[in-house]
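The numbering of the sequence shown is our numbering, which starts it at 170 and goes up by one.
If you are wondering where the hints come from, they were derived from the structure by calculation, not from laboratory data. Since the structure is predicted, the reported quantities are computational estimates derived from the model, not experimental observations. Take every hint as true, because none was put in to throw you off.
As a list, the in silico DSS-like pairs of lysine-lysine whose alpha-carbon atoms are at most 27 Å apart:
| # | residue 1 | residue 2 |
| --- | --- | --- |
| 1 | LYS936 | LYS529 |
| 2 | LYS911 | LYS518 |
| 3 | LYS262 | LYS874 |
| 4 | LYS889 | LYS874 |
| 5 | LYS396 | LYS361 |
| 6 | LYS785 | LYS611 |
| 7 | LYS936 | LYS518 |
| 8 | LYS874 | LYS785 |
| 9 | LYS529 | LYS518 |
| 10 | LYS396 | LYS354 |
| 11 | LYS874 | LYS265 |
| 12 | LYS889 | LYS611 |
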Amino acid sequence: MLGVAGAALLLSALPASAQDVRVSALENDLSLVETEVVALERRIQQMRGELSSGALTRSDRLTTERFNEARYAYLVEDYERCALLFFSLLENKDLKTDSRLPEAQWYLGECLYLDGNLIPAQDQFRTIVDMGATHPFYGESLLSLIEIYGRTGELQQFNYYYNNFVSSAQQNNATSLRIRYQMAKTLYRQGKFAEAQAIFRNFPRGSTYTPQARYFSAAIVVAEGLKDIMDGDQLAGTQKYQQAISGLTEVLTLPVSTPEHRDVMDLTHLAIGRLQYELGDIPAAIAEYTAVSSESAFYDDALYELIWANIEAATQEPVDFVRARKLQEALRAVEIFNLAFPGDVRESKLRLLGAQVQQKMEQWDLAIEEFENASGHFEDLATSLAAIVSSGADPMVYFNQLVDDQRYVAEAELTVPPAARLMARDDERVADAVVVSGDLYKQQDALEDAVGLLEVLEEALYGSETIGIIQTYRMQRQQLSSAVAAALLLRSRLVDIEMLYLEGAVDGGAKKDLVRIRDSREESEGKASGLTRMRNSSVERQQAFNMQAQAVEGRVYHVEIAVSDLLAQVSAIEEYLLGARKRGERTREEESSIRSELEVERASLTELRSQLAALKRRLEPRILTARLVNESTAGEELMRGDASQELMALERRLARLRRNISSDRSNFLTRLNATRSRLLELERIAEDARNLMDRAEAVEVDEIKAEVEFQRRMVVNLQKEGSGIATENQEVSGRIGRHAFKRVADFYQDMLARADMGIIDVYWYRKESTSQSKREMARDKNRQLRALEATFSGVVEEDN
Numbered sequence: 170m171l172g173v174a175g176a177a178l179l180l181s182a183l184p185a186s187a188q189d190v191r192v193s194a195l196e197n198d199l200s201l202v203e204t205e206v207v208a209l210e211r212r213i214q215q216m217r218g219e220l221s222s223g224a225l226t227r228s229d230r231l232t233t234e235r236f237n238e239a240r241y242a243y244l245v246e247d248y249e250r251c252a253l254l255f256f257s258l259l260e261n262k263d264l265k266t267d268s269r270l271p272e273a274q275w276y277l278g279e280c281l282y283l284d285g286n287l288i289p290a291q292d293q294f295r296t297i298v299d300m301g302a303t304h305p306f307y308g309e310s311l312l313s314l315i316e317i318y319g320r321t322g323e324l325q326q327f328n329y330y331y332n333n334f335v336s337s338a339q340q341n342n343a344t345s346l347r348i349r350y351q352m353a354k355t356l357y358r359q360g361k362f363a364e365a366q367a368i369f370r371n372f373p374r375g376s377t378y379t380p381q382a383r384y385f386s387a388a389i390v391v392a393e394g395l396k397d398i399m400d401g402d403q404l405a406g407t408q409k410y411q412q413a414i415s416g417l418t419e420v421l422t423l424p425v426s427t428p429e430h431r432d433v434m435d436l437t438h439l440a441i442g443r444l445q446y447e448l449g450d451i452p453a454a455i456a457e458y459t460a461v462s463s464e465s466a467f468y469d470d471a472l473y474e475l476i477w478a479n480i481e482a483a484t485q486e487p488v489d490f491v492r493a494r495k496l497q498e499a500l501r502a503v504e505i506f507n508l509a510f511p512g513d514v515r516e517s518k519l520r521l522l523g524a525q526v527q528q529k530m531e532q533w534d535l536a537i538e539e540f541e542n543a544s545g546h547f548e549d550l551a552t553s554l555a556a557i558v559s560s561g562a563d564p565m566v567y568f569n570q571l572v573d574d575q576r577y578v579a580e581a582e583l584t585v586p587p588a589a590r591l592m593a594r595d596d597e598r599v600a601d602a603v604v605v606s607g608d609l610y611k612q613q614d615a616l617e618d619a620v621g622l623l624e625v626l627e628e629a630l631y632g633s634e635t636i637g638i639i640q641t642y643r644m645q646r647q648q649l650s651s652a653v654a655a656a657l658l659l660r661s662r663l664v665d666i667e668m669l670y671l672e673g674a675v676d677g678g679a680k681k682d683l684v685r686i687r688d689s690r691e692e693s694e695g696k697a698s699g700l701t702r703m704r705n706s707s708v709e710r711q712q713a714f715n716m717q718a719q720a721v722e723g724r725v726y727h728v729e730i731a732v733s734d735l736l737a738q739v740s741a742i743e744e745y746l747l748g749a750r751k752r753g754e755r756t757r758e759e760e761s762s763i764r765s766e767l768e769v770e771r772a773s774l775t776e777l778r779s780q781l782a783a784l785k786r787r788l789e790p791r792i793l794t795a796r797l798v799n800e801s802t803a804g805e806e807l808m809r810g811d812a813s814q815e816l817m818a819l820e821r822r823l824a825r826l827r828r829n830i831s832s833d834r835s836n837f838l839t840r841l842n843a844t845r846s847r848l849l850e851l852e853r854i855a856e857d858a859r860n861l862m863d864r865a866e867a868v869e870v871d872e873i874k875a876e877v878e879f880q881r882r883m884v885v886n887l888q889k890e891g892s893g894i895a896t897e898n899q900e901v902s903g904r905i906g907r908h909a910f911k912r913v914a915d916f917y918q919d920m921l922a923r924a925d926m927g928i929i930d931v932y933w934y935r936k937e938s939t940s941q942s943k944r945e946m947a948r949d950k951n952r953q954l955r956a957l958e959a960t961f962s963g964v965v966e967e968d969n
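Just need the whole structure built from these sequences, with the hints factored in.
Here's what the structure looks like:
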């Protein structure tokens with residue numbers, strides 16, 4: 170082999186044309202490096218520019234990413250996340266001078282509203298409305314604000330916006346019509362019929378809200394007619410009912426273009442049916458009820474009222490077989506209702522009604538069977554409710570079963586039957602108390618989640634280094650390190666290009682120096698490329714670590730499921746024990762012993778669940794990989810420093826060789842030096858960006874710490890307030906629950922008495938029917954005998 174010296178001699182002996190081709194190839198290589206340097210400059214300058222705001226998390230790029238992420242959350246109906254993202258953008262003033270600020274303000278209010286947070290949504294919409302009609306989302310915000318005021322009952326605020334808007338806005342554009350419709354509907358709910366009617370009647374034909382407005386207009390006429398009847402003016406009330414039927418019939422002629430319109434049509438059929446029923450036109454009422462499709466959301470009401478209409482039609486029918494057919498139709502409707510709506514609160518009454526219909530049809534055996542089934546059903550419910558009322562237990566133990574909440578349920582010795590839950594919730598006070606308790610429990614769960622999140626943040630903030638905690642900065646540092654590694658590789662390529670160029674431009678002793686430089690280069694050239702390999706290896710380790718963490722998290726999830734199953738089994742055993750002693754399967758001592766063991770198991774499983782939750786917090790990426798990333802970054806820094814020092818040493822040695830190059834060849838080397846200077850400047854900018862990043866993250870971490878401490882104090886205060894509210898809620902809800910269960914128990918006792926009386930009635934009517942039949946048969950026999958006597962009396966007289 171020739172060796173390096175021999176190769177250099179051969180290259181120096183190349184013809185001039187070959188040497189020119191070689192130099193041209195090196196110039197092309199240099200041009201490629203220059204192109205890559207331009208791209209790298211753009212990349213590093215962009216990263217440096219993102220720090221101009223002082224906080225990387227508030228750069229224009231990341232702000233746009235968060236804005237788009239929030240809009241996506243809105244589109245997929247993840248309203249909670251949507252609200253959190255838009256709140257952070259607005260709270261941090263990231264959109265202060267951005268054209269998207271009005272859109273973000275509206276999105277925040279809308280997401281809060283759709284997520285059920287009415288008071289924060291109300292405040293947000295009011296902020297927009299108070300900015301005036303120049304805000305792009307003024308109309309939508311005003312409409313939502315009015316809807317919220319109507320729902321929350323803040324009449325003073327509602328009237329303020331009503332008076333200010335209605336007096337000035339009478340346009341027929343879509344937004345104005347929506348606002349006027351909502352205002353009129355709220356006035357209707359407040360009982361201000363005259364003001365509401367003035368708005369409803371002025372809706373132009375063909376608008377989206379005209380069917381709804383005409384329906385409410387007719388409903389106001391019905392309310393006026395009902396008032397006339399209650400005041401004793403039957404004629405005026407009947408005329409109002411007829412007027413309402415005319416208005417509702419007109420609604421049915423309007424075009425249907427939305428699901429809301431279809432609902433209005435179904436409600437209109439129901440309303441006409443009820444009015445016709447009240448006016449005594451039962452066939453017309455039945456026709457309206459049957460017009461409601463089984464796919465309708467109001468089919469249960471139509472079917473229930475159709476049952477009563479058929480029974481009334483049978484009562485008015487003089488023809489026996491037609492009356493029997495009407496009763497059969499009512500009975501079939503009862504069966505359909507019970508099959509289609511088994512959880513309806515009206516199911517109990519229909520149990521009796523079905524038996525009563527069979528009694529009217531003189532199907533005595535079936536009627537007795539139905540009454541007996543109803544009696545057994547009501548007796549079980551009445552017994553369960555009576556036991557709950559007389560148990561002396563904390564009423565919240567049973568009230569929480571109405572909320573479908575597991576608090577105190579383990580302490581319950583009895584389970585509230587599903588039918589009794591529905592009946593109890595049907596009470597308006599109970600329904601309100603259930604909603605309040607449900608919201609309170611959600612708030613308590615949210616506070617528990619907040620405590621868990623604060624613990625995660627505190628562990629991340631105080632349990633590791635300050636630098637590298639925030640993921641945005643961590644990722645940006647990785648990108649910056651990647652860019653610096655690319656710059657070192659380009660400098661390394663420039664050294665290779667310069668050595669190849671000098672091989673054809675120096676001779677003598679300089680040639681030997683170049684060979685020695687090449688030998689040194691071959692020993693150390695791996696460090697620059699090794700930096701990239703180290704970064705890739707670090708990323709792979711992080712990925713492997715995260716994959717292992719995910720695998721552990723998956724196992725934790727399965728263990729959590731197993732724990733939940735075991736807790737469910739404990740609850741099932743407790744439920745079994747409720748009736749075991751009554752059935753004679755367990756003694757009191759056995760039941761007490763088993764309950765003690767179950768409590769120990771429950772405590773153990775609950776502790777295990779807490780440990781699993783703590784383990785899941787430790788698996789959080791911000792805690793798990795922050796230290797690993799920081800250690801990897803430190804290792805890269807050392808390697809990058811070594812590689813840069815070695816490159817500088819080679820560059821200085823090559824610079825001494827260039828002194829012997831003639832001036833006519835200096836153009837190429839000038840370009841090469843300029844490119845190298847640009848790369849060195851990029852490294853300096855990158856180092857400056859890294860320092861700015863460290864300072865910015867430290868500032869943000871301090872701000873986050875302060876915010877976490879503030880939120881911790883807020884959560885503690887909220888927990889204290891919530892504890893007091895929870896105590897008051899338990900007292901109020903407990904009393905409401907106790908009265909509700911007593912009322913439901915009385916209801917089922919009454920239904921039980923009715924069912925038992927129904928059985929007695931059937932036996933009595935059957936006996937009466939049998940006696941009547943016998944009497945009629947006897948009378949018929951006597952009539953036939955008298956007829957025969959009359960027929961043959963003449964024959965007897967002739968014989969005599």
